[in-house]
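A.B. asks: So you can see what is in the structure, the chains are spelled out below.
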Amino acid sequence: MNLRVLFKSIKFAFRAKKRVFTFIVIYAFLIVMVSRGLGTPGDELLWLVAAFILATLYAILIAQSRAKDIAILKCVSWSNSDIFLILVGEVVLVSLTAFLIVFQVSVELLGLAAYFEPGALLSTLQDWLVVDAVDLFVTLVVIVLLQIPGLYLAQRRAMMIPPMRALREE
Amino acid sequence: MVKPIIQLEEVNKEFGKGKKTVAALKDINLEIQQGEFVAVVGPSGCGKSTLLHVMAGLEQPTGGRVLLDAVDVTLISERDLPKVRAQKIGFVFQAFLLIEDLTAYENIESVLWPNEELTKETQEKMTLEVLRDVDMLERRDHFPRQMSGGEQQRVAIARALVNKPPILFCDEPTGNLDSKIGDSIMKDISTLAREKNMTVVLVTHNEDLTKYAKRILRMKDGAIR
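Residue numbers (the working numbering), protein chains in the order written: chain A, 72 to 241; chain B, 15 to 239.
Some hints could be false.
[Said to hold, decoys possible] Derived DMTMM-like pairs: lysine to aspartate or glutamate, alpha-carbon spacing no greater than 25 Å straight-line: (1) LYS139/A with ASP115/B; (2) LYS88/A with ASP115/B; (3) LYS88/A with GLU114/B; (4) LYS139/A with GLU165/B; (5) LYS228/B with GLU209/B; (6) LYS40/B with GLU92/B; (7) LYS82/A with GLU120/B; (8) LYS134/B with ASP155/B; (9) LYS17/B with GLU28/B; (10) LYS82/A with GLU131/B; (11) LYS139/A with GLU114/B; (12) LYS89/A with ASP115/B; (13) LYS178/B with ASP192/B; (14) LYS210/B with GLU50/B; (15) LYS82/A with GLU114/B; (16) LYS97/B with GLU165/B; (17) LYS40/B with GLU221/B; (18) LYS82/A with GLU135/B; (19) LYS89/A with GLU131/B; (20) LYS88/A with GLU120/B; (21) LYS210/B with GLU138/B.
[To be verified] Residues on chain B that point at chain A, a partial pick, calculated with CB under 8 Å: (22) HIS67; (23) LEU72; (24) GLU73; (25) ILE113; (26) LYS134.
Calculated directly from the structure, the hints in this document are not laboratory data. Small disclaimer: the values here were computed from a predicted structure and weren't measured. Note that the Cβ used here is the ideal one computed from N, Cα and C, for glycine as well.
Isolated chain A, as found in the complex (with noise of 0.2 Å):
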């Protein structure tokens, strides 16, 4: 894998900061969903099947929307493996900054509420946003792997994106 290139794809995800915040956010909730249901029986397989499609329909919308830039790479010499690694420093970048923010969210709420005496406010956020360490981490393994089948149907659709794409959008 080249890393260079995986590094600039962060880095070149983070410029589409509509799609990206919005996933961010979206990815952020469904970790906190994904953990509850991944701890109660009989919500399992139904957030795993929630998680699974909203992580095929991202990697796919990155594709699409990213369609005229890997036809222009595409000219200019990137292989398909190249293209890839946009399409999964994306997902890399959202899904690590979600997953840190519910740490962090969850931290902070702790503090909060060891420090005060729990209002009910505080006790409701508690019970809404806390995950335990353990079931996050869970979780992120859970999405990361619900990633790949996504991640899959995406490179095939960039791979069949062909370079003479940007010259005739021209």
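Given chain A, work out where chain B should sit, using these hints.
C.D. replies: Chain B alone, transformed into the frame defined by chain A:
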């Protein structure tokens, strides 16, 4: 005798199927030598852009052979074509085709990122060198939307030259620019090509630009006249 750097043998290109088939290129035979500046001129739809795309391996011909530096690009798999493009070809397009989310510097350097043989420092050095060549060093951190058409085309030229390819393909490089800026862009291409002993194939419908070329090829209805 020196081998031509670009060689086309009986190249045909058809679009469509059955009765709707349109022949874009008809039995093209062509040899271009290293360091030559060739202009391909002709009216819209005569097949000159298709000829360029076929030469560059962006489109496969329906028949015939295309050799770049003695390598038959019609026989190379889709997987290996990027390598050949990286080593042998630079492109300048009419619509600049810069990536909107990358700065001028990054647009140029992006060509080198996949090359693991080049260190980060070498990539930086090569990028800065071509930025200086096209006089765009001060605009290195600007995004395409913050640059004029002429500046964007200069960045596109720098991107085409950064990996020091022996061949430069230019498809209507001044088509989106006014005549004064277009002229200065053509002077840049001509000077840089001469300095670096590059082969240039320029496709244009603008007869004025042929003054920069050593050889002029005229196309009509998919054939070179």
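A.B. asks: Look at each hint and say if it fits the structure.
C.D. replies: Structure-based check of all given hints:
Among the hinted pairs, LYS139/A with ASP115/B is consistent with the structure: their alpha-carbon atoms are about 12 Å apart, no more than 25 Å. For the hint linking LYS88/A to ASP115/B, the alpha-carbon distance of about 10 Å falls within 25 Å, and the restraint holds. Taking the CA atoms of LYS88/A and GLU114/B, the gap is near 13 Å; set against the 25 Å cutoff, the hint holds. Between the alpha carbons of LYS139/A and GLU165/B the distance comes to roughly 21 Å, so the proposed pair stays at or under 25 Å and holds.
Under the criterion of a C-alpha separation no larger than 25 Å, the hint pairing LYS228/B with GLU209/B is consistent with the structure, at around 15 Å. A C-alpha spacing of about 24 Å is found between LYS40/B and GLU92/B, which places the hinted pair at or below 25 Å, so the restraint holds. For a cut-off of 25 Å, the pair hint linking LYS82/A to GLU120/B stands: about 11 Å separates their Cα positions. Proximity of LYS134/B to ASP155/B is assessed by CA-CA distance (about 18 Å); at most 25 Å being required, the pair is judged to hold.
For a cut-off of 25 Å, the pair hint linking LYS17/B to GLU28/B is broken: about 28 Å separates their Cα positions. In summary, the hint linking LYS82/A to GLU131/B is supported, as the alpha carbons are separated by about 22 Å, within the 25 Å threshold. For the suggested pair LYS139/A and GLU114/B, the alpha carbons sit about 10 Å apart, so the restraint of at most 25 Å is met. Simply put, LYS89/A and ASP115/B have alpha-carbon atoms about 13 Å apart, close enough for the 25 Å limit, and the pair holds.
Restraint check for LYS178/B and ASP192/B: the C-alpha separation of about 28 Å exceeds 25 Å, so the hint is violated. For a cut-off of 25 Å, the pair hint linking LYS210/B to GLU50/B stands: about 12 Å separates their Cα positions. Simply put, LYS82/A and GLU114/B have alpha-carbon atoms about 14 Å apart, close enough for the 25 Å limit, and the pair holds. About 28 Å separates the Cα atoms of LYS97/B and GLU165/B, which puts this hinted pair outside 25 Å; it is violated.
Note on LYS40/B and GLU221/B: the hinted pairing holds, with a Cα-Cα distance of about 23 Å set against a maximum of 25 Å. With a C-alpha separation of about 19 Å, the suggested pairing of LYS82/A with GLU135/B holds against the 25 Å cut-off. A distance of roughly 35 Å separates the Cα atoms of LYS89/A and GLU131/B; the hinted pair therefore is violated under the 25 Å criterion. Between LYS88/A and GLU120/B, the direct Cα distance comes to roughly 18 Å. Compliance with the 25 Å bound is thereby established for this hinted pair.
Note on LYS210/B and GLU138/B: the hinted pairing holds, with a Cα-Cα distance of about 19 Å set against a maximum of 25 Å. For HIS67/B, the interface hint holds, since its Cβ comes within 8 Å of a Cβ in chain A; the closest pair sits about 7 Å apart. A distance limit of 8 Å between C-beta atoms decides the matter here; for LEU72/B the minimum to chain A is near 5 Å, and the interface restraint holds. Proximity of GLU73/B to chain A holds as hinted, the smallest CB-CB distance being about 6 Å (cut-off 8 Å).
Annotation: ILE113/B was flagged as interfacial toward chain A, and the flag holds, the nearest CB pair being 5 Å apart, inside 8 Å. The closest approach between the C-beta of LYS134/B and any C-beta of chain A is roughly 7 Å, which is under the 8 Å cut-off, so the hint is satisfied.
In this structure, the earlier hints numbered 9, 13, 16, 19 are contradicted, and the remaining ones agree with it.
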